[in-house]
Amino acid sequence: MGQEGKYAYAVTRIRVLETRLLDRGKIDRMLDARDAASALRVLSETEYAEVMGELAEGERYEEILGAELKRVYQVVGSFSPDPDLIDLLRSRYDFQNIKVLLKAGHLGIDRDDLLVALGSIPPDRLKEMAAGDFVDLPPAYRQIVAEAQEEFKSTGDPQLIDLVIDRGMYDYLYTNARVDFLRGYFLRLIDLTNIKTAMRLKRSRAGVIRWAFLPHGSVDPRLLLEAVREPWDAFGPKFAATDYAAVVEEGLRQLEAKGTLTDYECLVDEYLLAYLRQAKYVAFGPEPILAYLLAKELEGRLVRLIMVGKINNLPKETIKERLCDVYA
Amino acid sequence: MGLGLVLGLLGAGLAVFLAGTGSAIGVGLTGQAASGAVSEDPDMFAKSLILQIIPGTQGIYGFLIGFLTIQRLGFLGGGLASISVETGLSLLMACLPVGIVGLTSAIAQGKVTATGISLVAKRPEELAKAMIFAVMVEFYAILAFLVSFLMLQGVTI
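In order, the protein sequence lines correspond to chains A and B.
Residues in the first sequence are numbered from 45 upward in steps of one, following our numbering.
Residues in the second sequence are numbered from 553 upward in steps of one, following our numbering.
Read the hints as simulated data drawn from the structure, not as lab findings.
Predicted, not measured: the structure shown is a model, and the values here were computed from it.
We put the CB at the ideal spot given by N, CA and C, even for glycine.
A hint or two may mislead.
[Stated by the list, open to error] Some but not every residue of chain B turned toward chain A, in silico, with C-beta under 7 angstroms:
hint, residue
1, S587
2, L648
3, K674
4, E678
5, A680
6, K681
7, Q705
[What the hints assert, rightly or not] BS3-like, lysine-lysine: derived pairs with alpha carbons at most 27 angstroms apart:
hint, chain 1, residue 1, chain 2, residue 2
8, B, K681, A, K50
9, B, K681, A, K324
10, A, K282, A, K70
11, B, K674, A, K360
12, A, K360, A, K324
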């Protein structure tokens with residue numbers, strides 16, 4: 045009875061929630077909308093209506109997306125049998141906030157507008173901690189922040205804050221993801237991010253710094269370094285034996301044609317989505333719950349892309365090219 | 553009251569106890585899943601209920617066999633039968649199929665109906681298919697019930 049009794053309620057509830065994710069039809073209708081306001085009207089016919097209320101103007105989509113994700117995390121958090129895993133997903137937003145606060149602190153500016161209320165620590169509390177040099181942070185976070193501060197002090201390069209925090213975050217996520225499914229997700233994300241970093245470093249011809257690649261990846265860092273040093277022709281074949289061969293090949297083709305990494309990012313999202321879809325076959329377990337939350341985040345990214353496109357009056361085809369698939 | 557009678561009673565008890573426990577677990581698990589679905593979509597109630605009832609049948613089969621055994625032993629009026637140890641043991645044996653298969657099949661069926669609720673939550677029009685999957689498990693409970701029934705009839709008191 046163990047696993048079944050623990051997850052019967054939560055998984056079934058998630059299955060109902062999944063039916064309310066935006067489907068291809070809704071996305072297409074948003075794409076077809078005349079302007080940002082009518083795109084938002086399509087959104088107001090979905091479960092987003094609950095948080096939209098007063099925020100019905102086109103420019104306020106960012107608030108809507110934030111409020112919706114916050115709502116979803118609250119709902120799922122209220123019935124998930126694994127609160128620690130939900131907190132692990134939330135911790136990504138803590139790290140995002142910490143990065144903002146660290147950089148704003150060093151530059152002596154106020155960027156509270158960039159703080160998100162999705163982390164396990166409320167932004168206000170985090171701000172108080174920042175004022176006290178982060179000594180009140182949980183120990184696991186504290187160590188990562190200390191490392192970033194030290195690196196910044198010795199080099200004065202604010203970019204290093206991002207790199208060090210990201211490294212620490214992925215290490216934290218990977219080691220605390222006690223479920224194989226989630227660990228597998230982070231592993232793939234780490235690998236694909238490392239490959240993206242290699243592409244970016246190669247394109248910018250910048251020197252490779254030791255912080256550049258994330259830990260725990262299944263792709264050997266030496267392979268990544270070789271890929272950066274050798275000519276472009278040798279880049280794709282380096283990853284031919286990995287699971288990411290198709291993503292890398294197509295990403296490189298688009299990079300050559302358009303000169304941007306946007307398409308690669310879209311391919312990565314689709315690859316991860318395909319991985320998350322495995323959770324559809326799990327009847328009793330944490331997988332569907334985690335996959336739903338991650339799919340909801342991807343959905344938010346789609347809506348953001350559409351809204352940015354609509355506000356800037358981009359043609360439908362241009363926006364569509366950048367959209368990846370949906371989970372539903 | 554002789555040992556034969558006690559063995560017969562033990563059989564009746566096991567039939568009801570094992571099959572009933574299985575059904576309670578199966579119906580309970582399905583009930584949890586149903587709560588998950590109904591909490592988001594109250595319209596799911598009727599469909600969930602149909603699926604929730606299905607793992608309950610094993611308990612009924614066990615109850616029927618138990619009831620018939622008690623009747624044959626004469627506990628329901630007409631005076632207690634006086635039976636040998638062999639006859640008591642035979643009655644006990646007759647009760648085991650419905651008890652044991654009832655227990656395992658009801659739990660297995662409960663898992664099927666609980667996931668069936670997920671299926672119906674996603675595709676409300678597919679209730680019939682979810683029921684067919686559950687009925688596949690029911691088949692074995694019916695076989696066990698049938699064998700228990702035939703064995704019970706075969707024992708002469």
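Now for the hints, and whether the structure bears them out:
With its C-beta approaching chain A no nearer than about 6 angstroms, S587/B sits inside the 7 angstroms limit, and its interface hint holds. Evaluation of the L648/B hint against chain A yields a violated restraint, the C-beta minimum of about 23 angstroms exceeding 7 angstroms. Interface hint status for K674/B: upheld, as the beta-carbon distance to the closest one in chain A is roughly 5 angstroms, under 7 angstroms. Because the smallest distance between the Cβ of E678/B and any Cβ of chain A comes to about 12 angstroms, over 7 angstroms, the interface hint for this residue is violated.
Given hint, A680/B at the interface with chain A, is violated; its Cβ is 18 angstroms from that chain's nearest Cβ, farther than 7 angstroms. Taking 7 angstroms as the C-beta contact cut-off toward chain A, the hint placing K681/B at the interface is violated, the least distance being around 15 angstroms. Below 7 angstroms, beta-carbon pairs count as interface contacts, and Q705/B has none with chain A, the closest being about 35 angstroms; its hint is therefore violated. Between the alpha carbons of K681/B and K50/A the distance comes to roughly 25 angstroms, so the proposed pair stays at or under 27 angstroms and holds.
Using a Cα cut-off of 27 angstroms, the hinted pair K681/B and K324/A holds, with the two alpha carbons roughly 18 angstroms apart. Proposed proximity of K282/A and K70/A is contradicted: the alpha carbons are some 39 angstroms apart, above 27 angstroms. Proposed proximity of K674/B and K360/A is contradicted: the alpha carbons are some 31 angstroms apart, above 27 angstroms. Of the supplied pair hints, the one linking K360/A and K324/A is violated, its CA atoms being roughly 31 angstroms apart against a limit of 27 angstroms.
Violated hints for the displayed structure, listed by number in ascending order: 2, 4, 5, 6, 7, 10, 11 and 12.
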